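> Chain V is already provided as a structure; the job is to place chain C with the ligands on it using the hints.
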Amino acid sequence: MPVARVAVPTTVDEAVQALRETPGAQLLAGGTDFCVEVNFGLRRPPAVVALRRVRELRRYEVTPASVVIGAGTTYADMGGPELSSVLPALAAAARTVGSPQIRNAGTLGGNVATASPAGDTLPLLTALDARVRLRGPSGGRTVALGEVVTGVKTTSIAPDEVVVEVVLDRRPGPQQFLKVGTRNAMVIAIASAAVVVDLEAHDVRVALGSVAPVPVRAAAAEAHIADAIDWRAAGGPRASAAALARFAELVADAASPITDHRSTSEYRRRAVQVIARRALERCVARAA
Amino acid sequence: MPREERVPREEREEGAGASPGRAGAGDASGGVPAYVQADTYELTVNGTRRAVEDAWLGESLLFVLRERLGLSGSKNACEQGECGSCSVLLDGVVVCACLVLGVDAIGSRVETVEGLSAAGDVADIQAALVDAGGVQCGFCTPGFVVAVHDLLRRVPGADEMAVREALSGNLCRCTGYGRILEAVRDVQRSRAGSDGGHGAGA
Ligand SMILES: Cc1cc2nc3c(=O)[nH]c(=O)nc-3n(C[C@H](O)[C@H](O)[C@H](O)COP(=O)(O)OP(=O)(O)OC[C@H]3O[C@@H](n4cnc5c(N)ncnc54)[C@H](O)[C@@H]3O)c2cc1C
Ligand code: FES
Ligand code: FES
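In order, the protein sequences belong to chains V and C. Okay, so the first sequence: first residue is 1 according to my numbering, each after it adds one. Okay, so the second sequence: first residue is 1 according to my numbering, each after it adds one.
Do not take every clue at face value.
Covered stretches of chain V, going by a simulated chain C footprint (3 or more residues, C-beta under 8 Å) [as the list claims (entries may be wrong)]: (1) 5-11; (2) 48-57; (3) 92-104.
Label-pair ranges, simulated between beta-carbon atoms [stated by the list, open to error]: (4) C:Glu160 - V:Ala220: 41 to 47 Å; (5) V:Arg20 - C:Gly176: 52 to 58 Å; (6) C:Glu160 - V:Ala234: 36 to 42 Å; (7) C:Gly178 - V:Gly139: 56 to 62 Å; (8) C:Ala77 - V:His202: 47 to 53 Å; (9) V:Gly140 - C:Val130: 54 to 60 Å; (10) V:Asp260 - C:Gly176: 27 to 33 Å; (11) C:Gly31 - V:Glu266: 52 to 58 Å; (12) C:Trp56 - V:Gly146: 36 to 42 Å; (13) C:Ala77 - V:Gly146: 34 to 40 Å; (14) C:Val130 - V:Arg43: 36 to 42 Å; (15) C:Ser194 - V:Thr150: 54 to 60 Å; (16) C:Cys137 - V:Arg278: 39 to 45 Å; (17) V:Leu199 - C:Cys137: 50 to 56 Å.
Partner residues aside, some chain C positions facing chain V, computed with beta carbon under 10 Å [as the list claims (entries may be wrong)]: (18) Tyr41; (19) Gly81; (20) Gly84; (21) Cys86; (22) Leu99; (23) Val103; (24) Cys137; (25) Asp159; (26) Ala166; (27) Leu181.
Read the hints as simulated data drawn from the structure, not as lab findings. Everything numeric in this text was worked out from a predicted model, so none of it was measured. A virtual CB, placed ideally from N, CA and C, is assigned to each residue, including glycine.
Excised from the complex, chain V in its bound form:
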C-alpha cells in the first residue's frame, strides 16, 4: 500500500489542485467532525488535504452592505468582538457551540459542509439568505445556502470543491439566536431559532434548526408578524400578545421534527416555538 500523503496547501487554489491530483483526498479543517468519524472508524481517508494553513480561508470582510466570512473562520473568531458587532446572532450561535476547545478548532466551512440539522450557524445563515462561494477545478461558483445543504448531512458540494466563504447581507436591526439542549455548554441543539428584524425594510426573518432535515424558514410566521408589528411605535417596534402567540403557532407549523435519541418530536415542536417567540421578544417589545 502506498504511503498516504497529506497535502498542506497555503492557498485555496493549491487546495483545489491537491484535491484534483490526489484520488480520494478529503478536506480537513478543524477536525471536530472529521476526526470523531476517523476515531470511531466511520471514516478512513486514503489521503487528506489539510486546510489549517490556508490563511485566505480565515479572512473576513465587513462592508456597509455585507459580511463575507472565510470558511476557515473558527467559532472563537465568530464570537469575537469584530464579527459579533455586525452579526450578533452568529456570534451568539458560535458561543453556544461545544466548548472552548471545540470553538478554537471548529470552523464555519466545516459546519456548512457537515450540514447537520443541528449545525448551529445554519439557522442564522438561512435567515439571512446566505450565499456560499465554492471553488473547484473549473473555477468558482456562488450558490444559495439552501442549494448547498440538501438534506440531513448531505450537500451539493462536489468532492473536488472547497467552500471558500459565506456571504451575508447586513440587516439594520436586532437579531437573536437561541438554542435548547440539556445543558448550557457542550450540547447539540434539540431545537434552535434565529430571528432577524429589519428596522428599515420592516420585515422579520425566522429560521429554525434541529426541527427538520435542513434548516427551515418559518415564512408564514414571518409574514404574519411583519404585518402585526407596529413599526412606528414610540420607543421602537412592538407587537401585541395575541400577535406574538399567533407567531409562535405559525413557527410550530413550520417545523417537522422527528423523535430521536436526543428528544421527541413533540418536545422539539414545543421548544422551537417558545424560543422563536422569546428571540422575537428580545428584538421587538410586547405591546402592553
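Relative to the frame of chain V, chain C with the ligands by itself:
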C-alpha cells in the same frame, strides 16, 4: 526525514482570540501544494523536535503523543471532543488532541501538560489541585491543568463565570467541580500575591 515542508506556523497571537486579516486581497501565491508523508514526520512538542515513525494517517495527535512519543500525560477518555482530558495547546490555543490529526500538527507548536513545568516539578496549578482536593481518580486532571493554564495566562483575574466557561469542556466524574474551582481561585490568589497581580507569566 520528510522533505522541507512549506508549513508556515500560525502567526496568531497566543490566546488573543485570533485577529484574522481582511478578506478580498487574494493571496499572491499561485504555487503548487506541498505534501507531507503521513508515516514519518517531525513534530515540535514542548519545544523539542520529535520524530514520529511508522504512523498511520488516521492517528490523532493524542495517539501520537501517547503511543509514539511516550507522553502519556494527555489522557484518552472519549476520543470525541466531549471530555477535554486530552487538552493541549496547538500554536498557543487550547484544543482537544483527539480531534487533531497527528500529521496536521506538523509545523505547529504543541504544548502538553508535561511541558508546563520542568521535569519532575509540579506546576502551581497542579499543586493547588492536589491541595484543594480537586484530584480524585486524577484522570481528568491533566486536561484541567492545561485548560486552567491557558485561561490564567490570558485572563489572570478571570471571574467565577469566566472560569466556569473556560472549563466547560473538561469533564470530571469524581470531584463535583467545587474543589477544582477552589483550586483555580487559590492559584489566582497566590499568583496575585506573589507578583503584584499579574502572575500568569509566560
Ligand atoms: C464535542 C463536540 C461538540 C460539538 N458541538 C457542536 C455544537 O454545539 N454545534 C454545532 O453546530 N456543531 C457542534 N459540533 C460539530 C462541529 O464542531 C461543527 O460542525 C464544526 O463546524 C465542524 O467544523 P470543522 O472545521 O471542525 O470541520 P472538519 O471536522 O474538519 O470537517 C467536517 C466536514 O466538512 C468538510 N469541510 C471542512 N471544511 C471544508 C471546506 N472549506 N470546504 C469543503 N468541505 C469542508 C470536511 O471534509 C468534512 O467532511 C461539535 C463537535 C464536537 C466534537
Ligand atoms: S479524549 Fe479528547 S476530548 Fe475526550
Ligand atoms: S478526578 Fe476523577 S474524573 Fe476528575
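> Hint by hint, say whether it matches the structure.
Against the structure, the hints come out as follows:
1. 5-11: Check passed, 7 qualifying residues.
2. 48-57: holds (count 7)
3. 92-104: holds (count 6)
4. C:Glu160 - V:Ala220: 41 to 47 Å: Taking Cβ atoms as reference, Glu160 (chain C) and Ala220 (chain V) lie about 44 Å apart, which means the hint holds.
5. V:Arg20 - C:Gly176: 52 to 58 Å: This hint holds: roughly 53 Å between Cβ atoms.
6. C:Glu160 - V:Ala234: 36 to 42 Å: holds (40 Å)
7. C:Gly178 - V:Gly139: 56 to 62 Å: Once the Cβ atoms are compared, 58 Å apart, the range 56 to 62 Å for Gly139 (chain V) and Gly178 (chain C) holds.
8. C:Ala77 - V:His202: 47 to 53 Å: holds (52 Å)
9. V:Gly140 - C:Val130: 54 to 60 Å: About 56 Å separates the Cβ atoms of Gly140 (chain V) and Val130 (chain C), which means 54 to 60 Å holds.
10. V:Asp260 - C:Gly176: 27 to 33 Å: holds (30 Å)
11. C:Gly31 - V:Glu266: 52 to 58 Å: holds (56 Å)
12. C:Trp56 - V:Gly146: 36 to 42 Å: Taking Cβ atoms as reference, Trp56 (chain C) and Gly146 (chain V) lie about 38 Å apart, which means the hint holds.
13. C:Ala77 - V:Gly146: 34 to 40 Å: Since Ala77 (chain C) and Gly146 (chain V) have Cβ atoms about 39 Å apart, the given range 34 to 40 Å holds.
14. C:Val130 - V:Arg43: 36 to 42 Å: holds (40 Å)
15. C:Ser194 - V:Thr150: 54 to 60 Å: holds (58 Å)
16. C:Cys137 - V:Arg278: 39 to 45 Å: Since Cys137 (chain C) and Arg278 (chain V) have Cβ atoms about 40 Å apart, the given range 39 to 45 Å holds.
17. V:Leu199 - C:Cys137: 50 to 56 Å: For Cys137 (chain C) against Leu199 (chain V), whose Cβ atoms are near 55 Å apart, the range 50 to 56 Å holds.
18. Tyr41: holds (9 Å)
19. Gly81: Holds: closest Cβ of chain V sits about 6 Å from Gly81 (chain C), inside 10 Å.
20. Gly84: Holds, about 6 Å.
21. Cys86: Holds. Min distance 9 Å.
22. Leu99: holds (4 Å)
23. Val103: holds (5 Å)
24. Cys137: violated (21 Å)
25. Asp159: At 16 Å from the nearest chain V Cβ, Asp159 (chain C) fails the 10 Å test, so the hint is violated.
26. Ala166: holds (6 Å)
27. Leu181: violated (15 Å)
Going through the hint list in order, the structure does not satisfy hints 24, 25, 27.
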